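Trainee: Below are the chains, spelled out letter by letter.
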Amino acid sequence: MASEEVKKEILDDLKRAVIEFDEDLAREASNRALAEGVDAYEAIMDGLAAGMEVVGQLFEDQEYFVPEVLMSADALYAGLDILKPHISQDDARKVKGQVVLGVVQGDVHDIGKNLVKMMFEIAGFTVHDLGVDVPLDKFVEEQLRTDSDILCLSAMMTTTMMGMKPVIEAVKAKNPKVKVLVGGAPLTSEVAAKLGADGYSDNANNAVLEAIRMVSSLRQL
Amino acid sequence: MQAEMTSKERVLNLLSRQSVDRMPCFSGMGCVTVAGMEKLGIKFSQVHFDGEKMAALAATTPEMYGFDSAVVPFDVGVEAELLGAKLNPYEDSEELLYPTLRDKVARTADDLKIPTDLTRQGRVPVVTEAIGLLRERFGDKVAVGTYVLGPFTLAGQAMDLNDVLKMSAKDPAGISRILDILSDLVIQLAHVYKEAGADYITVREMGASTGMVSPRTFANVVKPHLTRVLNSVPRPVVLHICGKTNSIIRHMAECGADALSVDHKNDVAVTRAEIGDEPVLLGNLDGYNVLVFGSKESVRQAVKECIDSGISAVWPGCDIWPTASPENMAALVEAVREYGGVRKA
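In order, the protein sequences belong to chains A and B. Sequential numbering from 0 applies to the first sequence in numbering that gives the first Met the number 0. Sequential numbering from 0 applies to the second sequence in numbering that gives the first Met the number 0.
You may find that some hints are simply not true.
According to the in silico footprint, chain B covers these stretches of chain A (three or more CB under 8 Å from chain B) [claimed, not checked]:
(1) 63–71
(2) 99–110
(3) 156–165
Keep in mind that the hints were calculated from the coordinates and are not lab data. The structure presented is a predicted model; accordingly, all values stated were derived computationally and were not measured. The beta-carbon is built from N, C-alpha and C at its ideal position, and this holds for glycine as well.
Okay, chain A solo, but in the shape it has when bound:
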């Protein structure tokens, strides 16, 4: 079992690896975490995910842009690939749940959606990613098939955002309990409410922050 000092060092390395988009360090620190007996879930949440929180803020502050966020995500995945298999399946802290995720029809922008997917995966959700340009029927079908708790819709253009309304109506008609989160550059809380969504984030940057906040609140569970 690692001493507190060693654990802190490892967590700091994991965090730094993400912020500095250092895939090698992410892998090294993840392996060290396992070797030193640091709990895998803790390493992910307090190391990698904590790093992504900082990245989200740097993006919000316009110090990091999309390329940097993508590279940080790569480092995070490098660590996650090593650590994830070592999370005990019945870990009570691990959030279990299903998410159906996709970009609405007519829209092919997926970076924001992919970052949200990553944060859900870190938190332990099972993500069913429908990809981009997804027709209404496909969203409804997949939500019913998976009985997912959350449906996440993404649109990066004002013009495709309107396509969310019929999807939300159709899904909720079939399953009123599902929570719908919408995201993408043109969204606002007012529009999200008009579309019938339960929550929103307004650009790729805030999608990450929103997802991180969701993860943070999940981390506090």
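With chain A fixed as given, assemble chain B onto it according to the hints.
Mentor: Coordinates of chain B only, in the frame set by chain A:
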């Protein structure tokens, strides 16, 4: 009394900083309406592959509303198709959707194959036919506009956007090689369109906006290639980038375009403070929230704000969403006439 200028003269004079009788009301990007489609009895999905229908629809905008321009095409897939991508026009969709591209066509620079004679490739013949028909229909009266993508935006379409973005940070030589190849394509295409009769061309580089890459990346990676493109295509040429462009506007102004186009996320007053009153600045009407959801009064108000903030000519900051009402389109033209006044060179 001197004869009024034609729309074409007005547009071309504005773009070359010569005097105009009044501010033109035009666009460099898609500006067709559902009302126009209904008048012709055609669906949006039908026009992208048919030169006659494309021209007929583009013509409805000046004819129905009094715009000074007619612009073709309506989608941004022509260049990527030349590289092998397939366009999806959503024929079966009940909702009007702009076409999108299916599949990526290149993983590396070596995969980028530029056809030799563009005039016969992909949908170039459709667009050139449409340009020619508009030229015939309008003679020298209405300005015929067209557009090409900037090389960085095209790279993001042809290749995995994640790869392109990461390369822009990690592999400057690699991305430069790609942008070089794509710049050649875009330059050639612009010449083909000009030959077909286009009066002015807009280079659309929305992929390099600050929502994607840093101002530093814009300056180091994108700007050199954009500058080559803008100095190699037939003039007049407009550089369009949407999004929060204040932090790159000075770079944009140095790229060599005859005019700059910005959208409603650009603070024009701040832009003018930075680049001065000389450069021709087009924009920045919100073609969606204002033209589609706004009242006639809000259209007028928006036009007035654009003009007051220092725009040289009001134009929508992106493709118009086609459900913009005829009343709003007419209100736009009227407001530009009312507030546009007499412009000096």
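Trainee: Taking each numbered hint in turn, which are not upheld by the structure, reported in ascending numerical order?
Mentor: Of the numbered hints, all hold.
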